[in-house]
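For the protein sequence lines, the chains are A and B, in the order given.
According to our numbering, the stretch in the first sequence is residues 3 to 174, in order.
According to our numbering, the stretch in the second sequence is residues 3 to 174, in order.
Please note: incorrect hints may appear among the correct ones.
When chains are identical, the list treats them as one kind, so a pair holds in a single copy or across two.
[Said to hold, decoys possible] Derived pair list, reagent style DSS-like, types lysine-lysine, alpha-carbon separation capped at 30 angstroms: (1) Lys-146 <-> Lys-55; (2) Lys-146 <-> Lys-163; (3) Lys-54 <-> Lys-146; (4) Lys-10 <-> Lys-146; (5) Lys-10 <-> Lys-100; (6) Lys-55 <-> Lys-100; (7) Lys-102 <-> Lys-10; (8) Lys-80 <-> Lys-10.
Everything labelled a hint here was simulated from the structure, so no lab data went into it.
Number of protein chains: 2
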Amino acid sequence: MANAIDFKVFRDLSYGLYIVTSKDGNRLNGQIVNTVIQVTSEPPRVAVIINKKNMTHELISNSQVFASSIIDESVTMKFIGLFGFKSGRDINKFESVKYKIGITGSPMVLEYALSALEARVVSQIDLGTHTIFIADVVNTEIFKEGSPLTYRFYHEHLRGKTPPNAPGYKSS
Amino acid sequence: MANAIDFKVFRDLSYGLYIVTSKDGNRLNGQIVNTVIQVTSEPPRVAVIINKKNMTHELISNSQVFASSIIDESVTMKFIGLFGFKSGRDINKFESVKYKIGITGSPMVLEYALSALEARVVSQIDLGTHTIFIADVVNTEIFKEGSPLTYRFYHEHLRGKTPPNAPGYKSS
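Full structure from sequences and hints, please.
Pasting the structure below:
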């Protein structure tokens, strides 16, 4: 069926980079995500896509809530490394970052964050390796003005790599 | 439930801008979309979100196929106007643009296009005002090198407006 897929096309798609977090009981975790999008305006609703292997997937599946911080171009590779290349199953990512607990109980990361939102899942779809969570936005916070970090900026200026569990990862 | 939604947060989310097209029998149509995202790599799969009022929604719903051209920063407001602010129910948008019919029968717009993909819908979710279509990518074409147009660039450099049927539209 698929006869001529050149993965270079996917590099022309544009994304931001976000720290999506959740909680389950006392457990907190979060990870970098490039797919947070607004899907409707009335009601204010977003979608996020998470790899099933990730601990954040487990937390969102259980609690049905998450937060997303929108990070800016001043972000460091150390911070990216913490949320993008380490697992919450090995370390507690929230020991070393500033955050506040939101109305859903999810931790909103404050470092390098322009703003944040919290959302409650209303439906989810199994995409095979990933799940897409559709969620109503129930809280927003604005922290500062700045330039939102894009995936392109990350690759071109921070010389960032794509984590293996990201939707856009292609081993080759 | 929603107690403090500041829509300014949504402006910090990053998007590209794409011409999503489809066909149904002899009818062709297309529109500007800011939400084309890759959702999994294996299989190569994308999601697109379309307002139910739009003719392109009707075509994709019927034919279960679509194409998406990734446009670049050289795009003109006249071209944006054709695909973003006019309805295929009033005019034939394809009378005045260069395109090629792909393997799905969808028209791939060639003007201002860096690349294009074609996809077949595998599932769809009703989001209220919009539908999200999840689709397997079955064809890709690369036309040229360049800088993909982002929603931010459109607003800041082309002084673009948000069409009423877009996910991010907010009348106020």
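Requested in this report: Give the relationship of Lys-102 and Lys-10 under a CA distance limit of 30 angstroms: within one copy only, between copies only, both, or neither.
Outcome: between (39 angstroms within a copy, 20 angstroms between copies)
Query raised in the report: From the Cα coordinates, with 30 angstroms as the cut-off, is the pair Lys-80 and Lys-10 best called within, between, both, or neither?
Result: both (28 angstroms within a copy, 28 angstroms between copies)
Requested in this report: Since the copies are identical, ignore which copy is meant and state whether Lys-55 and Lys-100 lie within 30 angstroms (CA to CA) inside a copy, between copies, both or neither.
Outcome: within (26 angstroms within a copy, 43 angstroms between copies)
Query raised in the report: Between copies, within a copy, both or neither: which fits Lys-54 and Lys-146 at Cα up to 30 angstroms?
Result: So Lys-54 and Lys-146 fail the 30 angstroms test inside a copy (32 angstroms) and across (35 angstroms) alike.
Requested in this report: Up to 30 angstroms between alpha-carbons, please classify Lys-146 paired with Lys-55: within, between, both or neither.
Outcome: neither (33 angstroms within a copy, 36 angstroms between copies)
**Report entry** Within, between, both or neither, where Lys-10 and Lys-100 count as close if Cα-Cα is 30 angstroms or less
**Finding:** between (37 angstroms within a copy, 23 angstroms between copies)
Query - Lys-10 and Lys-146: within-copy, between-copy, both or neither at 30 angstroms Cα - result: Intra 35 angstroms, inter 11 angstroms, cutoff 30 angstroms: inter-copy only.
Requested in this report: Pop the pair Lys-146 and Lys-163 into one bin, within, between, both or neither, using alpha-carbon distances up to 30 angstroms.
Outcome: Classified as both: same-chain Cα gap 27 angstroms, cross-chain 24 angstroms, threshold 30 angstroms.
Consistency with the previously given hints fails for numbers 1, 3, ordered from lowest to highest.
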